[in-house]
Amino acid sequence: MTAHTPYTPPFRDRRLPFAKRIDDLLSRLTLDEKIGFLHQFTPEIERLGIAAFRTGQEALHGVAWMGPATVFPQAVGLGATWNTDLVRRVGEAVSKETRAMRARDERVGLNVWAPTVNLLRHPLWGRNEEGYSEDPKLTSAIATAYTRGLRGDHPTYWRTAPVLKHWLAHNNETGRDVTSSSVRPRVLHEYDLRAFRETVEAGATAGVMPAYNLVNGRPNHVSPYLRDQLRTWTDDDLLVCSDAGAPSNLVDSEHYFDTHEEATAAALLAGVDSFTDHGTDSSKITARVRGALDRGLLTEADLDTAVRRQLSVRFRLGEFDPEYDPYALTRDFDTPAHRALALEAAEQSVVLLKNSGGLLPLAPDTRLAVVGLLADECKRDWYSGTLIHRSTPLEGLYERFGAERVEFAEGVDRVLLKTRAGAFLHVPEADSSDEVRGAEGALDPALLAGRTDLPALTVDATGTELALVDWGEGVLTLRAPDGRYLSVAEDGRVRASADQPGGWVVQETFRLEPHENGFLLRHIGTGRHVSVAADGVRVAEANPEIFELVVVERGEDAVTRITSQADVVLVVAGNDPHINGRETEDRTTLALPAHQERLLRAARAANPNTVLALISAYPYAVDHAALPALLWTSHAGQAAGTALARVLAGDVSPAGRLPQTWYADDADLPDLLDYDVIGARQTYLYFEGTPLFPFGHGLSYATFSYADLRTRTTDGSLQVSFTVTNTGDVTAAEVAQLYTRAVDPTVPRPRRELAAHERVRLEPGERRELSFEVPLRSFDFWDVARGGWRREPGPYELLAGASSEDVRLRTTVLLDGEASAPRPVLLRGLDAADFDEQSGIAIVDRTKTSGDAVTAAQGTSGELVYRDCDFADGVTEVTASVCGDGAVEISLDGGAVLAVLTSNAPDASPYAYSTLRAGIIAEGVRDVHLRLRGPLRLAHVGFSG
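So in this note's numbering, spot 129 of the sequence shown is number 129, and the numbers just go up one at a time.
Please keep in mind that the hints were generated in silico from the structure rather than gathered at the bench.
We put the CB at the ideal spot given by N, CA and C, even for glycine.
Fair warning: there could be bad hints in the mix.
Unchecked claim - Pairwise CB distance ranges (calculated):
1) Thr526 - Leu31: 53 to 59 Å
2) Ala103 - Leu359: 45 to 51 Å
3) Lys284 - Ala594: 31 to 37 Å
4) Thr526 - Ala287: 31 to 37 Å
5) Arg295 - Gly492: 26 to 32 Å
What the hints assert, rightly or not - Taking lysine-lysine and the DSBU-like style, the derived pairs with C-alpha atoms no more than 35 Å apart in a straight line are:
6) Lys848 - Lys284
7) Lys137 - Lys848
8) Lys354 - Lys137
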């Protein structure tokens, strides 16, 4: 007898290309099974042997939300390293731990939602910690390195499948699901799209996640740019995963569609392939898809397109070839190599901002006074894993200098809260395990509840001394002597129960509100006041307690007590990543919170040798005139304290560089919702003021010289080289930066723009030649007159140096290009959004699927300028495509109004355009000025005659 070979369906045949295998599998799926693929949690298909799958695993700087893992510096800290090789290795370690954790917990996903490539346009954005840089070139370089590490280097199979966040122009948490970013075409192409494009084109990206906001009046989840831009950059099947709850927002908060069936269909047709909504419950999304199919809004072929993209990712992850998956047996988790890498990354992210008189590095026998609210903290953020190891600055300094040479004062205000009856709040002793909230892992930490196993606060005659910290704007935390923060659980009782502030709605923050002769204590998370009842302390709607705040010791008094006799004082200040600047909450100011300013002033007054170390997720505007030394680092993960101590001691020369501009004052900032980096002169590219510290800035314990700048133009690129020499007496790394600048541009261009960089480690006296290839397309700009890229012919300056402002070498090259030409308005007219300048204008959606229009931002008036419009031998008529109520006034070269087109349709649909006509006389090349009055929308202006 002859044995029969078991039948292998084509989708299981690894000899076939993925595309053919996916075709086969798609042909075997029923319509209901295809619908099931569209939710984040895809069910098992037992009859085909296909496992359940979920999109999404947070992995921004380590595996997050799934319990203990190696925690690396925040993304902004990784950006500050300017080291693509290091960041690639971090990505590799994170993906290995993802695989290792999945081997023991199937809830851990391999489709990782990282990195975040939103540009750090505005330093008050609450999620500043998640991005890499304000510069698109640096952002794409770091993001590409991270995705390459996450992907792995096998030509066929991927270790994890990274998804880039958050598409597109997303830099505000205030009203993030209802606000629209007005992004003019030049900013869109030269700035916001660029970081995504260069990362996608590098080939290690599995997909993107649209952001909650709208761009030019249209929600990102129905953005035409997903089709017209993103999917044209690669031949790969990119998977687009919605952000959590965003599909429902299209109807519920944004009111962009009338029904969820319409919204779901529109998102799917725009390019969203996986819907993250209603947690693990897929029933609502699948019902909406079925409804859209029944109404003819979708076809089965539309579903096939989305399912194909998900299957493409799953095939690349080796799911269908487990015996050939090179990463299937990866078990690297919390290894010595990963711990060493976490330390290396933390060290490389430290930025030395100032070092007058060589106070740093500290001598080995230095007597240190260490003070500050973050001196003995190792903070986690929303996208951190649970710390396996932790190192605070204080612990690092104890280890490096010896505990006998280091004194510490945290600087909290120590207080008692006294009731009207004369009793004091009391924290009972707790007999409970020292568990850490979230250590067990949770797919959504927003769902974690506060602990109820500990006793609620009571009152007694003596009370419990609490550590009070004001994190700014009156937002307080109160901590018990055992280190636990006062928190409120679902039962409304106040307990000392949290190891740190945290959660989607933070339950550990309070406000003291003046009332009569005392204070009401409002719990911010619930909005309720603290009340004292017979069964304990709780928050309640009625009967709030009026407290007297008894200050036992002010923080600055403790600081003064230990600082005067020290050789050097180190003040460690910064932010808690869950308070006043985080996801869902933007900052309101660059200023350091007043409590920490008090401590800094006290330290400086007691000892002039005061060093300030800022540990924060974003820049601050600090007065450093009286400070001899200043450093910054992000919340740098598990090795943060050891790394900072090694830099202070000189074991490591600092070489971090600022990935964004540090502004001197809030007055230097545009409105948070002003996304026009060109018109508002934002970021180092366009900012014309004097920054506190410029983009790319960072000092070293060594000095470096630059020489021998050479250039050579080849086909399609500019070859640039120069030498860097370590002229100091310690081994150190320098970040050599190359910038470009158009010398005589006809349109506003960046003051300077990063073209390339390299972090290079040099021994004393060592000299290294660095070479860069700069594509000539890097000198192009988006020409709104022609709707495409153009390079102007003429001189361009190349600047090499240690920061965007510390330029050591410069030379000028002449480049060929295309000369500017007047706008052919007789042929094409003027698309309203293709303006050269604007004031008071917002770009809005022309239709729900594509196109832009403009309107007065406040519904009153706005102005537009279109330069160099060619009317040839003359025109006699102007037309305008408008909708709504208002008028368009037309003038030339800023002169008198020549025509007014008035629309009287106050109740018209915002997409019901009509054409208005008026006579006008114009000839030659002129600048067209338009003034919009009223809330009408303008899509296009044409000329004829």
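Between Thr526 and Ala287, is the Cβ distance one that fits in 31 to 37 Å? holds (33 Å)
Honestly, do Arg295 and Gly492 meet the 26 to 32 Å range at C-beta? With a Cβ separation near 45 Å, Arg295 and Gly492 fall outside 26 to 32 Å, so the hint is violated.
Run the distance test for Lys354 versus Lys137: straight-line Cα separation, threshold 35 Å. It holds: about 26 Å lies between the C-alpha atoms, which stays within 35 Å.
Straight-line Cα separation of Lys848 and Lys284 no greater than 35 Å? The given pair, whose Cα atoms are some 24 Å apart, holds under the 35 Å limit.
Take a look at whether the Cβ-Cβ distance between Ala103 and Leu359 falls inside 45 to 51 Å. Roughly 49 Å apart at Cβ, these two residues keep to the hinted range, so it holds.
Please test the hint of 53 to 59 Å on the beta carbon pair from Thr526 and Leu31. violated (46 Å)
Tell me if the straight-line CA distance from Lys137 to Lys848 falls inside 35 Å. holds (32 Å)
Can you let me know if the beta-carbon spacing of Lys284 and Ala594 is within 31 to 37 Å? Hint violated: Cβ distance 46 Å, outside 31 to 37 Å.
Violated hints, listed in ascending order, are 1, 3 and 5; each of the other numbered hints is respected by the structure.
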